[in-house]
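Colleague: So the sequences go chain by chain: A and B.
Residues in the first sequence are numbered from -7 upward in steps of one, following my numbering.
Residues in the second sequence are numbered from 2 upward in steps of one, following my numbering.
What the hints contain is simulated information worked out from the structure, not anything from laboratory work.
These numbers come from a predicted model, not from an experiment.
Positions of the beta carbon are idealized from the N, C-alpha and C atoms, including for glycine.
Take these hints with a grain of salt, some might be off.
[What the hints assert, rightly or not] Cβ-to-Cβ under 8 Å is the rule here; a few derived chain B residues that face chain A: (1) 10; (2) 11; (3) 15; (4) 133; (5) 161; (6) 162; (7) 245.
[As the list claims (entries may be wrong)] Cut-off 30 Å, straight-line C-alpha distance, at most; resulting in silico cross-link-like pairs (DSSO-like, lysine-lysine): (8) 248(B) - 218(B); (9) 218(B) - 193(B); (10) 179(A) - 248(B); (11) 277(A) - 248(B); (12) 193(B) - 248(B).
Chain residues, written in single-letter form:
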Amino acid sequence: MQLDRTRITIRERTTFELFDLALRVVRSFAGPLFRWVLVGVLPFALLNHWVLAGNPFIYEPEQLGATYTWWLLCLVVLEMPLATAPATLYLGQVLFHQTPTRSRIFGDLARSLPQLLVLQGWPLAGLLFCFWIDEASITGMYVVLAMVPFCFFRFGFRPYMNEIILLERNPLSTSNATRISTPRRSKALHSWSQGELFERFLASLLFGSGLALQLCAVAWGAKSWLTGNAELSPNVFAILLQASLWAVVGFFAVVRFLCYLDLRIRREGWEVDLRMRAEAARLSKELI
Amino acid sequence: MTNGRSQLDTTIEVVTPENVLLQYQVCGPFRRLIAFALDIGLRIAVFFALWMVVGIFFGFLQIAVIGVAIMVLVYFVFSWFYGGLFEAYWNGQTPGKRVMGIRVLTLTGEPINALQAILRNVLRVVDALPPFLLPLSWFIPDTPAYMLLPGMSYLAALVSMTCTEHFQRLGDLPTGTMVVVEQRRWHHGLVKIDEPLVVQLASELPANLEISRSLGKTLAHYVERRRVFPPARRADLSRHVGTLLVKRLGLPEDTSHDLLLCAIYYRTFISDQLEDPLVPEAQVVEPPRIPFDDEAPDLQTTPTATPTATPAATFGPGAGGTQ
């Protein structure tokens, strides 16, 4: 692995440029990316269907337009970090011209899973617990409302926690003050860039919701055209909505990965670090 | 970072007929979408302003039907030729594109002509496909189910841009055009180093110091960027190469790696570039030759190896330990 030879040109970019580059990355690694997004997303899509379709207060045809969409959105937002973990690991490895293997990605995922669950999974667990104790999910609704500021904070100001956990693999906590842990690392990386992070969060929110709506509407149009029937049954609606949302989540996993690299370049001179390490490797070969 | 063609990036290189290599950043759908939205907003605002003026004027004359006819004509021109006319007269830009700092060019980097401008905008109807209808009840509760909101998805444009190297939508393909970002990049020349410690350390380095091309590029990049990092980060970044260079040059172990890298940069790119007026003409030390990566430097023939030089220290690949 030569550190200064990466699949993506490492340099500072603007938000729009990163979004454009994400399209290029998706085009170049379409097949494997689709597979790894699917691996991450499928269990959560089935879980969502099981949780929501089994709930008579949510899964009723009259409510499908609003209530179902709202609950599905909440679940998808909270599941996003866990569902995109395999795709993030794949991107992390493919960046350095490595050939990612299934065993390696699953191995890395297994190693990072405890931290992912502790730091990223608890809001989802809380919401699912509310569904479990209260079928009408009145409690869940309050929990979600309380979590809106948390979600803004997490995705607006600490958006790259997943990348830190999966790609940097620091310990969850450490008693040694000089050693870095995941929370400390997250604070160090995200601090002093809040304006830029929030701008990227808002841009992602804007484009993401537009793209999801567009995909859902086109899929519904295609279904109507193919079947000659514009009626939407609850099951078809659920499938179309979930597919659109997860497709957008998959794309924005790539965007988030690229934004993470960009933040490291701006804040820490990551591209200088890679060059220096590669040069050191070349020099040390000469010394041997 | 290496910038081989296998690397993914949004920049492209265009060789002009005059054999000049130009680098452009091609513009993808996201920035273009904002420009398009601005253009639509402007069109709507101008159309309504005109509607009011024309309505008042022809209403006053009691020939409202002529006003309606004029507005239909204005609508037609706005719908089909707004983008084309602006791009033809404003050298590939519309007001929205100008605000977003983007411009339409041909694939060879030349300005587009009127035919290309109009054709690529007329073909926008193909890019807008497929159309869709959304139930209004999704947005406004208690609306009857038969009330639908029509729209164009522009999915064809998105797919086309994703699949083409220059982010071309379908309208760009037959006209051979692309949209690029107009950016003014700062190209740094030599970084001025006036830290006394660096200058002093540079003077203590071997006189015939010669570095490889890759190390030269790495040092230049480091020195250019180090100013934005705090001292701790500088120490961290310079540690990998600095440790090896300290050993190679036989310097004290407590030498600051950051200062050492700056000193080598200073010696290589700044101090050696200056002609020393005290040195007789026959002994003028030429600027250091930076060997290519695959070129093993020959210590006997390098111009910097003057008779009074200290032991050679060369860092080019292929050269063994010369300390």
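Colleague: Taking each numbered hint in turn, which are not upheld by the structure, reported in ascending numerical order?
Modeller: 3, 5, 10
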